[in-house]
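Chemist: Numbers 6 to 388, taken from my numbering, label the letters of the sequence shown in order.
In short, the hints are calculated from the structure, not lab data. Cβ atoms here follow ideal geometry from the backbone N, Cα and C, with glycine treated the same way. None of the hints are false.
Simulated restraints, written as ranges between beta carbons of each label pair:
id: 1; residue 1: K368; residue 2: K51; range: 19 to 27 Å
id: 2; residue 1: K51; residue 2: N251; range: 36 to 44 Å
id: 3; residue 1: F211; residue 2: L95; range: 58 to 66 Å
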Amino acid sequence: MKLYVSYLTLCHKLNMKKILFITPFFGRTGSEMQLLYILENLNVQKFEPYLFTRNDGALLNDLPANVTSFIGYKKHKNYLMRLFRILLYLVNINPIEYQLRKIQKKIKADCWYINTIVNRDAYEIALKLGVKIISHVHEMPLYYDMVKSKTINNLLKSDVCIGCSEIVCENLKDMGHKNVHLLNSFVDDRFVSLNNNSSAKEEFNFKANDFIWIMAGSVNAIKGVDFVIPLLKVLNPNHKIIWIGNIDDSGTTAYTKIAGEIAYKDRLFFVGRKSTDYYDYFNLGHAFLLLSRQDSFPLVMQEAAHLGKPIAGFNSGGIEEYVNEKIGIVVNQLSFTELAKAMEQIEENYSSYDKSYIKEYAKGFNAIEQTLKLEMILENFNH
Numbered sequence: 006m007k008l009y010v011s012y013l014t015l016c017h018k019l020n021m022k023k024i025l026f027i028t029p030f031f032g033r034t035g036s037e038m039q040l041l042y043i044l045e046n047l048n049v050q051k052f053e054p055y056l057f058t059r060n061d062g063a064l065l066n067d068l069p070a071n072v073t074s075f076i077g078y079k080k081h082k083n084y085l086m087r088l089f090r091i092l093l094y095l096v097n098i099n100p101i102e103y104q105l106r107k108i109q110k111k112i113k114a115d116c117w118y119i120n121t122i123v124n125r126d127a128y129e130i131a132l133k134l135g136v137k138i139i140s141h142v143h144e145m146p147l148y149y150d151m152v153k154s155k156t157i158n159n160l161l162k163s164d165v166c167i168g169c170s171e172i173v174c175e176n177l178k179d180m181g182h183k184n185v186h187l188l189n190s191f192v193d194d195r196f197v198s199l200n201n202n203s204s205a206k207e208e209f210n211f212k213a214n215d216f217i218w219i220m221a222g223s224v225n226a227i228k229g230v231d232f233v234i235p236l237l238k239v240l241n242p243n244h245k246i247i248w249i250g251n252i253d254d255s256g257t258t259a260y261t262k263i264a265g266e267i268a269y270k271d272r273l274f275f276v277g278r279k280s281t282d283y284y285d286y287f288n289l290g291h292a293f294l295l296l297s298r299q300d301s302f303p304l305v306m307q308e309a310a311h312l313g314k315p316i317a318g319f320n321s322g323g324i325e326e327y328v329n330e331k332i333g334i335v336v337n338q339l340s341f342t343e344l345a346k347a348m349e350q351i352e353e354n355y356s357s358y359d360k361s362y363i364k365e366y367a368k369g370f371n372a373i374e375q376t377l378k379l380e381m382i383l384e385n386f387n388h
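Kindly generate the complete structure, drawing on both the sequences and the hints.
Modeler: Written as structure tokens, this is what we have:
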């Protein structure tokens, strides 16, 4: 009987698809949070997941026990592995290629699932090894500037491309890829919770008639930090902006901070990165504002919806796919007057926005259903 059970177990494991998920940092970025949610919900009866990350990222602490992980030699916890990386360089061997070849030889993955385009080496190595590639693309063309043209050309050799929004899928099809699937980004609402930290509110001296807008994410040019000043110039003075997120040390960010301190120090607040009290700061706002130049399907927009916040913003990509008239207003890029009018309209009609509806709408993009959609893509993938 035991032999029979062992035989069935072996047959089951042989039928499972082994997938090596490859991601650059496994830190708390939108694309890598997505990967964590996927790994938490992936059907382990059908798939055997492994993870490779170049960095010893913070999300490794949250990784499900069934996922075997490998950390790149450069950030490895073992000092000897970090030293070994230097030795590989001395003999002109690419450490990432060496390590990924070794991992593939050991686990014999059916395919590599490359998360985000910032994985230059992984594409090239997979193509050398003849490994099937599934690429999960979260970026729009403005972000392509982070990599060389060769990486984009290698990306297009993927057997399957998954785009996190319709516009991302369209971009991939524009470049000639024939096997593109839509898998909208999503938020795991288990983590959207409030600590009711009163100190967040006490940090500001808002008046009863102030209308507070929340922005979230990295404070940089791609997210439209330089758009804040021209917007405030045409926006009613009772409208105020709190931006939560890591503040880039750049000239563009400096422009906004300096100009804001001179003319709008009681209307513009950069509060930096938040952790356990993140949603307490987020919840200080009446509504959410998105000024990005390009944004595929931002998680911060979905977080706002999970908290019942109306949304306003420039049409930077995925926002137009997500926001309907019951949730908020999207206007053309760089139309500051038009955006100010939309924001003032949301204030005027604020009571007509049904928070319960917005929260329920947000739940339509959830971890369980989106992972099931991914599993269908993986099951139909002929390895």
